[in-house]
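Use the sequences and the hints to build the structure in full.
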Amino acid sequence: MISWSNVEVAYEGRRVLGPIDIDVGDGEWLGLIGPNGAGKTSLLKTAVGVIPHEGTVTFGGQQGRRGLDAAWMPQRPHLPDEMGVADYVMLGRTPHLGYLAAETKHDVGTVYAALERLDLSAFAKRPLGTLSGGEAQRAVLARALAQEAPVLLLDEPTASLDVGHAVEVLDVVDELRREEGLTVVTAAHDLTLAGRYADRLVLISGGVVAASGSPGEVLTEDNLKAHYGAGIRVIEDRDGPIVVPMRQRT
Amino acid sequence: MIRDTAPTEARSARIGWIPPALGVIAVLVAGAVGATVGAAGLDPGSVVAAVVDAMPGVVVDSGLTDVETSILFEIRLPRVVLGAIVGAVLAVAGASYQGVFRNALADPFLLGVAAGAGLGATVAFSVTGDSTLLAPFAFIGGMAAVVVTYALGRSVGGRSATSLILAGVAVAAFATAVQTYVLQQNVATLREVYSWILGRLVTVGWKDVWGLAPYAGGASVVLFASRRLLDVLSIGDDEASALGINVSRVRLVIVVAATLATAAAVSVSGLIGFVGIIVPHTIRLLFGWSYRVIIPLSLLFGAAFLMLADIAARTLASPAELPIGVVTAFFGAPFFLLVLRTMRGPT
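From first to last, the protein sequence lines stand for chains A and H. The first sequence: position 208 = 208 (this note's numbering), numbered continuously. The second sequence: position 235 = 235 (this note's numbering), numbered continuously.
Think of the hints as simulated: they come from the structure by calculation, not from any bench. Predicted, not measured: the structure shown is a model, and the values here were computed from it. Here a beta-carbon is modelled for each residue, glycine too, at the ideal position from N, C-alpha and C. A few of these clues could be false.
To be verified - Partial list, computed: chain A residues near chain H (C-beta under 8 angstroms):
1. V50
2. P77
3. Y99
Set out below in structure tokens:
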């Protein structure tokens with residue numbers, strides 16, 4: 001569904017990412033993991049065309065149409081304090097509206113469906129500035145859903161959430177993926193959660209793919225120690241690997 | 001009942017009908033008062049009758065003498081209409097700049113248009129000595145300053161809005177320095193230049209109005225059409241771009257429209273400050289955050305505000321006139337603070 005081929009990103013002449021080749025199938029959930037600065041965010045940004053890059057990102061073999069093929073949930077979204085939740089989610093309809101067009105009943109219906117889906121109907125008129133971290137995260141996800149793009153790119157979707165809310169948000173994404181047939185790519189630091197939800201993990205380190213495969217194949221102590229440093233233990237569990245940080249100094 | 005300090009209901013992006021209706025009433029009342037008040041007092045009823053009489057196919061006896069009719073149509077009304085257009089342009093340009101640069105302190109003069117127009121006007125007064133060249137020189141100076149700002153901003157910072165604003169600061173400082181030097185060499189023109197800088201709506205009939213109307217009309221249409229895009233830009237360049245917006249192009253179109261209209265306005269009215277800041281912010285505080293609300297209401301309330309300011313400028317020190325820029329700041333700033341305090345509540 002989405003393919004990065006030979007993608008490279010350079011800042012001020014210094015290559016920070018690539019060359020990267022990744023194919024994500026229809027309806028697949030791909031988890032990008034890797035240490036800080038590995039290039040996960042840059043990789044997601046190349047797919048929505050917000051940073052210059054070499055190589056190509058295609059959707060179903062076609063050149064991407066900005067806003068229509070992929071919905072992007074940034075790591076630190078801008079949330080104007082005074083804007084109401086429903087109006088914010090309506091921004092997700094932008095790619096479907098001409099520059100001069102006004103939203104139709106269909107757009108309003110899509111927005112309210114996205115709000116309901118994320119349990120935000122009661123918050124429709126709340127200003128964004130009054131939402132809790134979890135509610136705000138759901139609002140951003142609702143905006144991405146309202147885009148009705150077949151690919152969801154989520155950069156640290158659970159970064160500001162406690163474990164309960166993190167699971168809740170990821171469960172919603174998983175449900176949507178199954179029901180709407182969406183393809184999902186997430187970048188995450190919580191390796192256990194990444195392994196629980198993704199079909200496949202890609203470990204990016206130093207701007208290149210260091211490992212790729214099922215969560216069991218990628219989340220090994222050797223892999224993680226080599227790229228995250230020492231002090232990580234992996235415990236095998238029925239539902240997948242559990243990654244536990246270990247205290248190094250006593 | 002316990003109430004949160006933060007509002008629990010956001011204002012809608014939809015404008016409704018009451019705010020625009022209030023705006024239209026404000027424009028009509030300010031226009032009617034502006035046409036009536038002045039050295040030659042005209043009866044309000046007669047003024048309205050004369051205006052209705054001037055409409056095609058309508059005959060009403062206004063009771064005005066020929067001289068009074070001439071004062072109304074050749075002196076009073078052009079000035080009132082010019083005030084409305086300049087006010088609307090400055091307010092809507094200020095609102096657009098604030099949106100496009102996501103900067104609450106942005107005003108229409110942000111990218112150097114005021115300093116450039118000031119330099120142009122100074123050169124017209126001091127070097128050519130021909131006052132008919134004032135408007136074209138101010139217009140060219142204003143536009144040239146913004147073009148230089150844009151080129152500089154792009155060359156040092158690519159698409160960044162901050163680099164554009166900083167380039168505007170540098171260009172404005174440079175143009176002001178050159179203007180000061182030219183003035184020092186030609187102190188005889190100091191008074192005239194100073195009076196222009198403080199703003200004035202003295203017209204020579206309808207000529208200024210017709211000169212300004214195409215720029216004001218064109219810019220208003222473009223900025224009105226861009227109001228939804230300004231809301232999209234409020235979530236940042238990257239996110240707007242990921243939603244399919246060509247951010248650089250949208251920013252360029254909005255800046256060009258707002259700047260052309262501002263340069264055209266200041267070339268006839270001088271530098272009337274505060275309108276572009278006070279009007280959009282008051283609207284924001286009273287009617288909400290969305291540019292779908294702020295842009296159309298800025299046009300209406302900007303027009304009404306400057307017509308009222310002009311009435312004050314004409315009457316407060318009658319028979320002398322106060323510079324309108326002084327009036328907008330003197331009355332606008334406390335009013336703005338009052339609205340700010342009322343809406344935010346005591347802290």
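Structure-based check of each hint:
no. : hint : in the structure
1   : V50  : holds, 4 angstroms
2   : P77  : holds, 7 angstroms
3   : Y99  : holds, 7 angstroms
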